[in-house]
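Visitor: Next come the chains, spelled out residue by residue.
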Amino acid sequence: MTRRGRRVVVTGLGAVSPFGAGVKAFWQGISAGVCAIRPITLIETDGFRARVAAEVPDGIGGSTRRSRADRLALTAARAALDDAGLGPAERRDAGLVVGAVGGGMLEVEGWYWARQRGRSVAGGGALRAILPASHADMLAWRLGLDGPRETVVAACSSGAASLALAAELVADGVVTTAVAGGADALTRVCFMGFNALKLLDPAPCRPFDRERRGMSIGEGAAFLVLEDRETARARGAVIYAELAGYGMTTDAFHVTSPHPGGDGMVRAMRAALETAGAVPADVAYVNAHGTGTPHNDRIEAQALRTVFGEGGVLVSSTKSMIGHTMAAAGSLEALATVLALIHDVVPPTVHLDTPDPEVPFDCVPGVARVATLSAAISNSFGFGGQNVTLLFRRPC
Amino acid sequence: MLRPAVVTGVGVVSARLVGDGQALRRFLAAPPAASPRHVVDGAVLAGLIDGAEARRTSRVSQLALAATRLALADARLDDTGAAGFILGTEHGDLHSTIEFADGYLRTGPTGLSPLLFPNTVMNTMAAATTIAVQARQLALTLNVRTVGGELAIARAARAVASGRVEVALAGGVDQHDPLVAEILGELGAGSEVRGEGATLLVLESLDHACARGASPAGEILGAAWRGLRTRPHGVGRRVESTAIAAALEEAGLESGAVTWVYTSASGDRARDAWEEALLGRALDPQRLALASLAPLLGQHAGLGALRVAAAMWTAASGLLVQPAWGGGAADDRTTALVPVAPGPGLVHGVARGGTHVALVVGGPPGDVQ
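Protein chains in written order, with this note's numbering: chain A, 233 to 628; chain B, 524 to 892.
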């Protein structure tokens with residue numbers, strides 16, 4: 233953050249995605265345009281119209297006494313800290329901000345379903361993870377993080393909000409290091425809810441396609457280590473990118489529909505540019521929220537046009553490959569944005585066969601694109617009109 | 524603090540107190556005896572929400588919205604477009620989540636309510652409230668056990684102090700639910716005196732408050748939140764509080780300058796003892812007066828914000844509201860008003876799992892009294 237306080241850089245990356253554990257697997261998958269959306273195996277889907285999702289494959293690791301979401305979070309956060317090369321002493325005072333929505337709901341549902349169907353089941357293990365905040369407590373305990381600890385629930389923008397809040401802690405000098413990101417496992421409530429809202433495409437989602445019919449859900453976790461730039465330089469850390477700006481706004485319009493003019497989205501993107509001291513022309517790539525619902529994609533495109541002008545940036549949706557990973561979406565997509573900057577490669581939007589004339593951008597259909605990128609943004613928009621834009625810049 | 528945040532409005536909707544800052548001050552000046560039951564009267568809540576809103580929003584969202592409106596009216600703040608909104612909650616709208624799931628369990632996919640689904644996401648209270656009051660800057664929902672209200676106020680104070688927002692509406696909300704009570708029992712916190720309700724505060728920079736002629740009721744002089752290493756849901760053994768030290772440093776105070784604390788004691792005996800040990804180590808235990816408001820209003824995330832408002836009153840009046848817990852042989856539930864040194868005090872909370880928050884709270888800033 234340059235407008236206020238210290239500059240914040242990214243020095244550690246960790247992920248568990250529908251391509252498996254690891255940043256390398258994630259980048260290989262999205263840069264190759266592989267779609268990981270398949271028939272659901274984790275939960276029962278009988279009687280529902282849409283029955284596909286992007287599940288994390290077997291082999292997450294960790295104790296099965298922990299919730300699936302806790303294990304996703306722990307694997308990703310530990311990898312990020314290891315990648316940053318932070319030892320126990322450096323971790324001790326680090327901040328921890330987690331974006332979460334479902335918490336351990338998958339396991340709680342198992343307990344509750346059984347109970348309501350008249351079976352006597354002990355709830356202890358499942359109930360311990362019922363709150364979204366359980367991830368943060370578990371991560372702090374297992375990873376030795378005693379600094380400021382927070383769990384932010386901002387629906388689908390939770391993961392991005394966690395990074396913005398962690399960046400504030402570093403920029404304000406409250407901490408020199410923070411680990412932040414989001415995690416979510418597939419849950420019955422989420423699957424059933426989006427089905428009930430008729431927002432799911434029965435086939436893998438097709439963001440920005442004229443024939444798009446809705447979103448696909450997914451699961452995963454991604455964490456980034458953020459550091460004060462001078463501290464990172466002093467310890468010789470690898471600096472992947474600078475988190476140069478962010479914007480967080482609220483539509484104050486509708487619980488599930490974005491403002492029809494994209495007002496909140498525009499304000500979030502402009503705030504990110506302002507805090508970074510950047511102008512629209514500095515940004516070459518937007519990792520869009522791009523859910524694949526007809527309404528959201530159209531309004532996001534309209535907001536992008538307002539900020540960047542028609543065709544002013546490359547735009548792509550990672551969700552076309554990994555689905556909408558809920559609380560993890562903002563951080564997985566922030567990771568995709570950082571990786572795009574590192575590799576000078578824009579990941580594609582897959583299943584984009586028929587461009588929508590209402591989306592006047594090059595949405596990188598099907599195949600990744602080599603492009604020189606100095607700055608890129610990641611958009612995340614959630615229920616309740618919660619908009620977060622993160623602006624990453626190549627480190628200098 | 525870079526620039527202390529002042530509090531210019533208070534809104535409370537709880538089992539035994541519904542009103543603004545003035546109503547809270549009256550309540551604190553003549554506090555009732557402790558009570559074991561803390562559920563907001565449905566008729567009272569219905570009187571605070573219009574019919575259309577009541578149909579659109581769940582009960583916990585109504586609690587948050589009603590308290591926010593009371594706080595805005597107290598602050599005489601009409602223009603909320605530039606305001607941030609930060610809400611702490613322990614359990615969110617778990618009630619709606621259960622109702623949503625029950626729909627499926629009763630009749631399968633056709634029993635699912637698309638209207639209920641958004642309420643299953645914990646930011647639903649923030650969404651309903653920001654829409655109703657048209658707060659259009661950042662809206663955050665912070666989930667944590669026990670200290671949600673304190674954490675929201677601390678975050679909001681930092682947002683104001685750093686200049687990111689000029690005005691923040693912040694506080695906490697929770698709804699009583701039998702399943703929640705059962706879960707807390709399973710998690711070892713079943714002895715808590717639970718309550719429900721919402722308390723919201725209007726925080727703003729002193730300059731902003733002065734410019735619009737608002738009267739601050741008090742100020743946040745320091746705020747910090749940290750983690751204490753312990754198992755998830757566990758009570759720790761460490762008693763060195765970095766949060767208290769950081770909050771005092773931010774306020775420019777020595778530990779001996781603080782002689783009274785509103786704590787998060789809730790009847791969870793192991794957790795309460797841990798908090799007392801933390802405070803005893805960080806401050807001077809010989810001179811320390813501790814009080815919890817849980818016996819009066821029941822533990823819920825809103826109570827953390829209410830404690831901040833109560834601390835502003837104590838800082839100005841020199842009176843600490845100290846309810847008895849009851850449950851003894853004589854079951855004494857009286858509430859005392861204990862004389863303490865006027866001036867800044869501490870609002871402190873620690874949750875099972877180790878999140879803890881410290882806020883140094885003062886009365887009205889001297890130059891605007």
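To be clear, the hints were calculated from the coordinates, so they are not data collected in a lab.
Treat the numbers as computed from the prediction; the structure is a model and nothing was measured.
Honestly, I wouldn't trust all of these hints.
[Said to hold, decoys possible] Taking lysine to any residue and the SDA-like style, the derived pairs with C-alpha atoms no more than 25 Å apart in a straight line are: (1) A:K430 <-> B:S636; (2) A:K256 <-> A:D290; (3) A:K430 <-> B:A546; (4) A:K430 <-> B:D625; (5) A:K430 <-> B:T630; (6) A:K430 <-> A:R530.
[What the hints assert, rightly or not] Distance windows between CB atoms, simulated: (7) A:A603 <-> B:V562: 41 to 51 Å; (8) A:P587 <-> B:Q657: 45 to 55 Å; (9) B:T630 <-> A:S489: 22 to 32 Å; (10) A:A346 <-> B:T630: 11 to 21 Å; (11) B:R735 <-> A:D290: 57 to 67 Å; (12) A:A354 <-> B:P637: 26 to 36 Å; (13) B:P701 <-> A:P587: 29 to 39 Å; (14) B:A734 <-> A:T538: 28 to 38 Å; (15) A:R347 <-> B:S636: 19 to 29 Å; (16) A:T604 <-> B:A605: 32 to 42 Å; (17) B:S636 <-> A:G493: 43 to 53 Å.
All residues carry an ideal CB built from backbone N, CA and C; glycine is no exception.
Visitor: Does each hint fit the structure? Answer for all of them.
Guide: How the hints compare with the structure:
1. A:K430 <-> B:S636: Roughly 11 Å between the alpha carbons, so the hint for A:K430 and B:S636 holds.
2. A:K256 <-> A:D290: Measuring from Cα to Cα gives roughly 17 Å; hence the hint holds.
3. A:K430 <-> B:A546: 46 Å, violated
4. A:K430 <-> B:D625: Roughly 19 Å separates the two Cα atoms, so the pair holds.
5. A:K430 <-> B:T630: At roughly 18 Å apart (the allowed maximum being 25 Å), B:T630 and A:K430 satisfy the hint.
6. A:K430 <-> A:R530: This hinted pair holds, its Cα atoms lying about 17 Å apart.
7. A:A603 <-> B:V562: 41 to 51 Å: 59 Å, violated
8. A:P587 <-> B:Q657: 45 to 55 Å: 36 Å, violated
9. B:T630 <-> A:S489: 22 to 32 Å: At roughly 27 Å between Cβ atoms, A:S489 and B:T630 fall inside 22 to 32 Å, so the hint holds.
10. A:A346 <-> B:T630: 11 to 21 Å: 18 Å, holds
11. B:R735 <-> A:D290: 57 to 67 Å: For B:R735 and A:D290 the Cβ distance comes to about 59 Å; the hint holds.
12. A:A354 <-> B:P637: 26 to 36 Å: Holds: the Cβ-Cβ distance is about 33 Å, inside 26 to 36 Å.
13. B:P701 <-> A:P587: 29 to 39 Å: 53 Å, violated
14. B:A734 <-> A:T538: 28 to 38 Å: 32 Å, holds
15. A:R347 <-> B:S636: 19 to 29 Å: Since the Cβ atoms of A:R347 and B:S636 sit about 21 Å apart, the hinted range of 19 to 29 Å holds.
16. A:T604 <-> B:A605: 32 to 42 Å: This hint holds: roughly 38 Å between Cβ atoms.
17. B:S636 <-> A:G493: 43 to 53 Å: Given about 29 Å between the Cβ atoms, the range is violated.
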